[in-house]
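Keeping the supplied structure of chain A fixed, place chains B and C upon it in accordance with the hints.
Chains as they are written, first to last, in the numbering used here: chain A, 1 to 159; chain B, 1 to 159; chain C, 1 to 159.
Be aware that a few hints might be false.
[Stated by the list, open to error] When the alpha-carbon atoms are kept at most 20 angstroms apart in a straight line, the in silico SDA-like pairs for lysine to any residue are as follows:
1. A:LYS144 to B:LEU155
2. A:LYS148 to B:GLU152
3. B:LYS88 to C:MET81
4. A:LYS148 to B:LYS4
5. B:LYS5 to C:LEU155
6. C:LYS80 to A:LEU83
7. A:LYS148 to B:LEU151
8. A:LYS80 to B:LYS4
9. B:LYS99 to A:LEU83
10. A:LYS99 to C:GLU125
11. C:LYS99 to B:ALA64
12. A:LYS144 to B:GLU32
13. A:LYS130 to B:LYS96
14. C:LYS144 to A:LYS80
15. C:LYS96 to B:LEU60
16. C:LYS96 to C:ASN116
17. B:LYS5 to C:LYS4
Source of the hints: derived by calculation from the structure; they are not laboratory data.
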Amino acid sequence: MENKKMNLLLFSGDYDKALASLIIANAAREMEIEVTIFCAFWGLLLLRDPGKASQEDKSLYEQAFSSLTPREAEELPLSKMNLGGIGKKMLLEMMKEEKAPKLSDLLSGARKKEVNFYACQLSVEIMGFKKEELFPEVQIMDVKEYLKNALESDLQLFI
Amino acid sequence: MENKKMNLLLFSGDYDKALASLIIANAAREMEIEVTIFCAFWGLLLLRDPGKASQEDKSLYEQAFSSLTPREAEELPLSKMNLGGIGKKMLLEMMKEEKAPKLSDLLSGARKKEVNFYACQLSVEIMGFKKEELFPEVQIMDVKEYLKNALESDLQLFI
Amino acid sequence: MENKKMNLLLFSGDYDKALASLIIANAAREMEIEVTIFCAFWGLLLLRDPGKASQEDKSLYEQAFSSLTPREAEELPLSKMNLGGIGKKMLLEMMKEEKAPKLSDLLSGARKKEVNFYACQLSVEIMGFKKEELFPEVQIMDVKEYLKNALESDLQLFI
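Only chain A is shown next, with the shape it has when bound in the complex (with noise of 0.2 angstroms):
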């Protein structure tokens, strides 16, 4: 599986996908095919660097959208069943009982093993996030950029 690439599309900011698209990358990565995750929209969630959170040159909605959503990894709410956090409780209990690694072991784990994560240009604008506010190997990558890298990629998802 050599020179084979896969690109993600992460829109999504729920646990459980977040979940999956990591489950896959770190899975492809240990087969040697070259993974880029494209994060846009919800998924620019998962690229915040936990304490690097900054209220500065941002506008009254840039501030109040930071502060309202999900600071890291670990605080993304599930897709389905969430149940104000009890669903989401229930199935950390449930992986740690089969010592299946929780989000941000596999989000260390995909940086690691050199997944290359990409902050969509517009939605950084959009959320007003700064480049610091993400892990500092996070590179910005435009949406014509994305299509290039996915036309080139053998298995392309959206997530």
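Okay, now just chains B and C, sitting in the frame of chain A:
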């Protein structure tokens, strides 16, 4: 990127996902990529021509469905944090601050740039929409034609 | 379209998205396309064999999860406008008016047409499902096998 083809299956009727689809579609057209958007299920709502809604020849269920669902692109709700419209209003303000086009502008742009919009035949039949209620250039396409088109494309996404 | 392959990753446990998957899968089989559906996370619920549910050898969390989630295809909720079941009932009536098959019929059809259904190994382990609780022909597949299959396919969608 000439001679490349992209096929999007737009299943979602959410404002933010439709936004993502059309941003990708417009960027692709600017790169001379041929773009097909097959609107199925809730995605069909994007294709309703405002002011062309009609209750003629519809069953009671179809009439109710037609009245209860968004009548045009700008009425679509957010997939997350819609909060009865407050979240969406906040997003629209944030988009305005960045001078980012809203959904209806992107839709006009895509139509001018000759994105090929298709309505899923089965969805049209079940929801009871008439061809006259959709934008005039929209063609009806069945699932097998969708599959043929998708298989001939270089990039396919389910949104 | 012979010798063509399609790979669907069904992540969703929503009635409407499962409907879309199976409509596409059945149409593809009629065109002699080889079809694989890899059911992960909520998508696993589609594969539960009604009447085969068992609480044996399950942790308390797994027992709760097994009881709280839909036991068969027809019990899945809509992704939108479910309205405690009213929206879904309305959709089912609209489908009946058009003599469109419901989800359980499409599922039977797909099984007869030899769509290859796989259950994601990690999801099965975390949710605590036993192989015996799923349809007998369902095979367990890990993420790497999924990736291999997807990379060998001509069309891949994440639903």
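**Enumerated hints in conflict with the structure, sorted upward** = 8, 9, 14, 16
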